[in-house]
Structures are given as C-alpha cells and as structure tokens.
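Chemist: These protein sequences, in sequence, are chains A and B. Here the first sequence stands for residues 1 to 388, numbered as in full-length UniProt numbering. Here the second sequence stands for residues 1 to 388, numbered as in full-length UniProt numbering.
Hints are computed from structural coordinates only; laboratory data are not their basis. Be aware that a few hints might be false.
[Claimed, not checked] Here are some of the chain A residues that sit facing chain B, going by a computed Cβ distance under 8 Å:
id, residue
1, D84
2, Y149
3, E150
4, G290
[As the list claims (entries may be wrong)] Computed far set for chain A versus chain B, every beta-carbon distance over 10 Å:
id, residue
5, G157
6, H233
7, H283
8, G284
9, A316
10, H323
11, E350
12, E385
Nothing here was measured: the structure is a model prediction, and the numbers come from that model. Idealized CB from N, CA, C, for every residue including glycine.
The lines below spell out each chain.
There are 2 protein chains.
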Amino acid sequence: MTSARPPGRVWAHVGQPFTPGTSPEPLHDVLIVGAGRMGSALALALTEHAPHLRTLLIEEGGLPNEDGATILAPGIWTLAHLPDTQREAARWTLERLRTLLGDDIQARAYLTLHGQPAPGRQPTRDLLAAQPASLALLDPDLLSYATAYEAHTYRPGTLAQTAAQAAIRRGTDLLLNTRATPHPGGHVTLERLTVTNTHQIVTHETHNLRAPLVVLATGAHAPAQAEHHLGVHTRHARAYRQTPHLATPSTEGAPILHVHGLTLRPQHGAYTLIPPIHHRDPHGYVPQGGQLTGVPTGLRRETLEDLVGLMDALPALATPDLHLGRSLADIPGAWLALPGGRPDAAPTHERLDDHAHLLLGGPHADTLGLWTADQLAQKIARETERGQ
Amino acid sequence: MTSARPPGRVWAHVGQPFTPGTSPEPLHDVLIVGAGRMGSALALALTEHAPHLRTLLIEEGGLPNEDGATILAPGIWTLAHLPDTQREAARWTLERLRTLLGDDIQARAYLTLHGQPAPGRQPTRDLLAAQPASLALLDPDLLSYATAYEAHTYRPGTLAQTAAQAAIRRGTDLLLNTRATPHPGGHVTLERLTVTNTHQIVTHETHNLRAPLVVLATGAHAPAQAEHHLGVHTRHARAYRQTPHLATPSTEGAPILHVHGLTLRPQHGAYTLIPPIHHRDPHGYVPQGGQLTGVPTGLRRETLEDLVGLMDALPALATPDLHLGRSLADIPGAWLALPGGRPDAAPTHERLDDHAHLLLGGPHADTLGLWTADQLAQKIARETERGQ
Chain A
1 MTSARPPGRV WAHVGQPFTP GTSPEPLHDV LIVGAGRMGS ALALALTEHA PHLRTLLIEE
61 GGLPNEDGAT ILAPGIWTLA HLPDTQREAA RWTLERLRTL LGDDIQARAY LTLHGQPAPG
121 RQPTRDLLAA QPASLALLDP DLLSYATAYE AHTYRPGTLA QTAAQAAIRR GTDLLLNTRA
181 TPHPGGHVTL ERLTVTNTHQ IVTHETHNLR APLVVLATGA HAPAQAEHHL GVHTRHARAY
241 RQTPHLATPS TEGAPILHVH GLTLRPQHGA YTLIPPIHHR DPHGYVPQGG QLTGVPTGLR
301 RETLEDLVGL MDALPALATP DLHLGRSLAD IPGAWLALPG GRPDAAPTHE RLDDHAHLLL
361 GGPHADTLGL WTADQLAQKI ARETERGQ
Chain B
1 MTSARPPGRV WAHVGQPFTP GTSPEPLHDV LIVGAGRMGS ALALALTEHA PHLRTLLIEE
61 GGLPNEDGAT ILAPGIWTLA HLPDTQREAA RWTLERLRTL LGDDIQARAY LTLHGQPAPG
121 RQPTRDLLAA QPASLALLDP DLLSYATAYE AHTYRPGTLA QTAAQAAIRR GTDLLLNTRA
181 TPHPGGHVTL ERLTVTNTHQ IVTHETHNLR APLVVLATGA HAPAQAEHHL GVHTRHARAY
241 RQTPHLATPS TEGAPILHVH GLTLRPQHGA YTLIPPIHHR DPHGYVPQGG QLTGVPTGLR
301 RETLEDLVGL MDALPALATP DLHLGRSLAD IPGAWLALPG GRPDAAPTHE RLDDHAHLLL
361 GGPHADTLGL WTADQLAQKI ARETERGQ
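If we strip away everything but chain A, and leave its shape as in the complex, we get:
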C-alpha cells in the first residue's frame, strides 16, 4: 500500500490546457476509456486494489454521459432473473451500491406476473391488495399469479458520477469531452472536443498518450473499437433498446412489475417501460420507428409488437398514457452491449492484447456490474504487482 495520494486532476473542457506531463515515460499506468458506470466503477476499484497505479479516466461526453446506456439503464438490482451461481456476485454488488449511494438506493418490491399457478407463486390480487393503483394496470384474470422478489432501485447515472468522484478524491485523473481511439501497443489518440456556435462538435486539439494498460469501457461501442483499432475480433454484439414512458401515475411504494419480459419501473411518479431484448441487432442496423395501424411511431416495430401483444394483460398499455412518439428522437433509447452476443449474459471482462482489456456491462449491469469491475481491478492489481 502506498501512502494517501492527493486528489486527481480534472480536465472538463478545452479551456483547461491538458498537461499530463511532458516526460517521455508514460505518466499514467492505466487509461480507462469510458466513464459510464463500468469504467467509473473500475477506476474506483483500482484505487482500492492497486493504489500504486496512476489512472486516467477518459470520457467522450460529460459525467454522467447523456448519450450512453448508463443514463437509460433501468437501475434495478434484483435476483429475479439470475441463476443461483450469480447470487453471490449480486449480493456483493448490492453491498457496494449501498456503500456508494447511501440513501439514493431504495428497496422496492418486484413482482413477476404469470397466467398459471406454480410453486412460489401467489395470487396477484393478494400480493397487490395494498397497491390498488398497481392492480389497476393489469388484468388480474389473465395475470392471476405472481412471484415476489427482493429488488432495489437507483439511478445508474448517479452511480457512475459517484464512483468517478470517489476515484478522483483518491487520485484518479479525469479527462472529459474527449474522444479516445486505442491503438496497438498501449497507444491512445485523444481528441478534445468542443462545440462551435453552430452546434457542431469539432476536435479542438489532439494528444497522443501511451500507457502500459488501456481498458475499453465504452459499452456497446467497445467491441467495435477493439476490432477496428486493435484488430481483435470478438463475438460481443449490441441491441438498440428503447425505454418508453407510460404516464399512468405510480405511487412512492409501487412495486416493479415484470410481465413476459417487459418491466414496468415506477419512476418520477409514472412508469418507465423496459422492453425485452430478444436478440442482437444485425451489423449495420439503423434504429428506426415503426408504424401502428399506419401511423408512424418513434417506437421500433419489434418493441411495438411486444407491447401490442401485452395489451390484453396490461390494459394500461392500450391507453394514450403510453408515449409512442412520432419519430425515433421522441423515445429515449441507447445501444446496449450484449456480452457474447447473448441478451441474458452477465457483465464480463477480457484481455484483448498485451496492453488492452475490454470491460462490458450489458443487460445485467444493474445487478452485477460493480462486481465485474471489481474483479477486473483485482486482476490488474495482481498482474501489475507481479510485473513490478
């Protein structure tokens, strides 16, 4: 263990000259590309497991990034869809979430709803007896049975910000509004971005850095970066997930409801819908709105079909409360990484080459992401200690 380090430096915009130093030797041991929740969590975990390493966290947007999957993630920690082998990692993540977020994480009931009875299921009417507003969302004759799970909700954007700030307090450097392109050999090209008065994003200045270790934590973009810039082909994939708004009022204690893959998450006094991801989107797919009985919508067709298929079981979806939008821009959506190309895969990390790691969150990042980031930090700590 080294002695406590002064807080890291933060370069937020191009007005602050980026001076990582002029030494020919790299001034950082680790460059983390992407300050979403996975990259930020890794930065923080590295300050714990490998405090001797000097880390620079680089983010193309701000903190939190408004464009990435982190800001639109549901923020639901739950055991509902996990195999037993991942429960320990989930419990560890929950403890960590509590430490980082304090009162910003809230316990909330989580009900999966079904048409048929089975062991562990109770009558939906009984479980929702104290929540008449929730019961009114659904048809209890079609969704007569439910299983209750433990769940906790939080804001993933807040998590990314909290973790990054904690890391900075412990010495991590942060470079915002900067696009990073990895190259073989631990080289990274940095483009510091600025916005012109015609709202174009342009490169203000370019830097070339080198570090013994680069971690790509840019979410759904990371596999493409690994392939295009490092020449490492992976089987990871991505899917474009939209999270439409359902304006039906929700109360403070309303449970999360899960019906045939669709999650209704109480949020801001209404609901955010998190539709199922059935499979990857093909290479080259451009997200686009669908049509409902001839009327253009912002919701993609596949999601629209899923919602239409659930309108009998969830009559609230058939009301004007469901915001369909008119064009893609009307519906919040983001590219979500699918580790290994699978929608049910846990977060993962892997070594790309001698100088680079990949860190991927994906659909289960809310429940398991912090654990995976910690695992990678431990691995990096072991390897760098061995190398010294």
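Mind docking chain B on chain A? Use the hints.
Modeler: Below, chain B without anything else, positioned relative to chain A:
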C-alpha cells in the same frame, strides 16, 4: 366434380393484351398473388380439390421468379430437424415431390455432425469411409460423430415451374410480370410491368380486378402486404439469408453435411452453404456486407461470424474456396419468411379477412411446403362448396 377444363390462358408480357373479360361479375374465383413454390403448389392443388374454381395465378417476375426465396431455397427434403408431429406431412410432401418432379428429385445422404457421442450417432470416419472428399472437408477429431438421415434434393425453382405448368394444363390462368396490390373486399390492383431500354422497370398498364378470394403467397413480402394494404397485423417476420458458394469439389454421391446449424449442400460439383438463421431481422434492416480483418465482404457480418466460428471444425471454410465477395451483390441472398417470427416454424396459412388468405413457406418449405399448400386448397374447397 366438373368436367375437364381447357388449359388456362397465359399472359407473359405486356405485348399480350390482358383480357380477363369485361363482365361486371368477377371472372376468377381465386386470385393467387405470387407464383413461387407455395403459390404454384396451391394453384395446382386447387385444380384437384376444387376443380370448379377459376383461378388466376399472378407473378411479379417470371416463372420461376429470379428474385424470390424459391430460387435460392436449398431444395433439401429431410426429416433431420423435424419434430415427430410433422413427419406425416413431410412424407406426404415427399410423395408429392416424386409425382411432380420424377427423376428431378434425388436421394442423398444427410449427416449431422457432432463433437460428442450420443445414441444414434456413429463415428464420422466410418460413415464417410466411402466419401474421402467429404471427410477432407472437416476435422474428424472435432466432428467425431455423425447421425445419418434420409434426404432428397431437388430444385425449388423447377418445382414452382412444374406445379404452375401442371395447374395451367388443368385450367389455371397465369399472369406474369405483374405486380399485384391487394385491397379490402377482394379487390386487387394489377400493374403490368415492362422494362425500358434504359433498364428501368415501369408500369405499362393498370387493371383492377375483384375476386371472392385472394391468397397472398409472396413469401417474405406477404405479411407486409397484409398489413399495409389490408390493415391486418401479423407476427410473421423475415430474415435475409445469403447462400455463399464453396468451390471445394463435390462428387455426385456426396452427402449433405450439417454442422451446428450450417448446411453444406453439394451442388453443381461444388457446395452451396446454407447458414443458420438465428432470429428475425429487425424492421428496416438493410442487408449489407461485413468485414473480415478489415477487408469488406459481401457476406453479412452475422453469417461471417458463424462461418469463422466453424473454421476449425470445417477447415475448408478457411480456404479461398469460400467465396466471400466484395459487396452484397456478389453473394446470392433473399428474404425468407419466418412464420410467427420463428426460424424453426413450419409453413403456415391463415385467413386475413373475409376475402384474403396468407400462405407462408419459410425455412421448412422444402420439406413441408406442398403439404401446407394442399391443406389450404382443401380448406378453400370446403368453404366454397359450403358457400354455394
């Protein structure tokens, strides 16, 4: 039963005036849109089950249509991937194929290859002892076990043509090079197409027909036509399937090989590859080539990934024998209907409204398509007899 009818009329190009008659009453009882194998088979089956019905078969291209899924279908009848419940329908289809195609259908061995032993599997080296060229395609240490199935190969384009011609001999009318747009109430707009001397396809003349019954048999396009023109939403979907060429020589008696979803079909002294379809393509997806280590290919990325994943087991795929192409146009490909959105679904038909049926082939049309077309013909025969 009515007495034998004279052969049907054929309008092949716009030089032949289309004169279905000027009576205000419809002159045809059934309009079949699409003369792929499903539409053609239905036309023929109707001459058997409902010889009293006057049928017009309408095709946007020629016979066979060079653009549709029929011409690129593998033409493999096999029980290898069928549940027991569909075996009878498959057997019926095989008998029918034999009747229609005679010597144009050939028995051929079909081997599914596996890494592990299991009941019914034999050592690959034993099964391929008499086929050293087939054995040389694969690594028998990785694909050590195989199951042999009965299979028969034929050309689906020939089947469509043969069935349509047989139907015409029995009185069905045929209208080629004509785009048909269905409307509610049994109305259909026909655009007779012609090609200008600058190779543009233009509408030469337009007709409006009406018939008590319209059958959409336009393959992957049919669900979109049902939705856009008849307002009937279905859950059918489609996928773009490419069938790349493997130039490794195949002998006359070479077996069909099936490895982890990929089928290698001996054809024209080489192989045609039929890649697995994992799931539907999303609405709005535009087929496009992928990249292999930075080099653009005509093969879509998802298929390329599957082939790369099989290169150890099938070393032939790692040789220049595999035609990757440079752009999409280099690789034969077509949109394939996925009944119910499922890649493993059997062919199906369904009523769309009082005047329209949908008839879909899809991935199992080679093995089950004729049976499904016959089922729809029987249903139409029953309903029209009852209605008379």
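Chemist: Each of the hints needs a verdict: does it hold here or not?
Modeler: Verification of the supplied hints:
1. D84: violated (26 Å)
2. Y149: violated (28 Å)
3. E150: Nearest chain B Cβ about 32 Å off; hint violated.
4. G290: holds (6 Å)
5. G157: Holds: least Cβ distance 27 Å, greater than 10 Å.
6. H233: violated (8 Å)
7. H283: Violated, since 4 Å does not exceed 10 Å.
8. G284: With a cut-off of 10 Å, A/G284 comes too close to chain B, as the shortest Cβ separation is near 4 Å.
9. A316: Non-interface label stands for A/A316: nearest chain B Cβ at 20 Å, farther than 10 Å.
10. H323: Given that every Cβ of chain B is farther than 10 Å from that of A/H323, nearest at about 19 Å, it holds.
11. E350: holds (16 Å)
12. E385: Holds: least Cβ distance 35 Å, greater than 10 Å.
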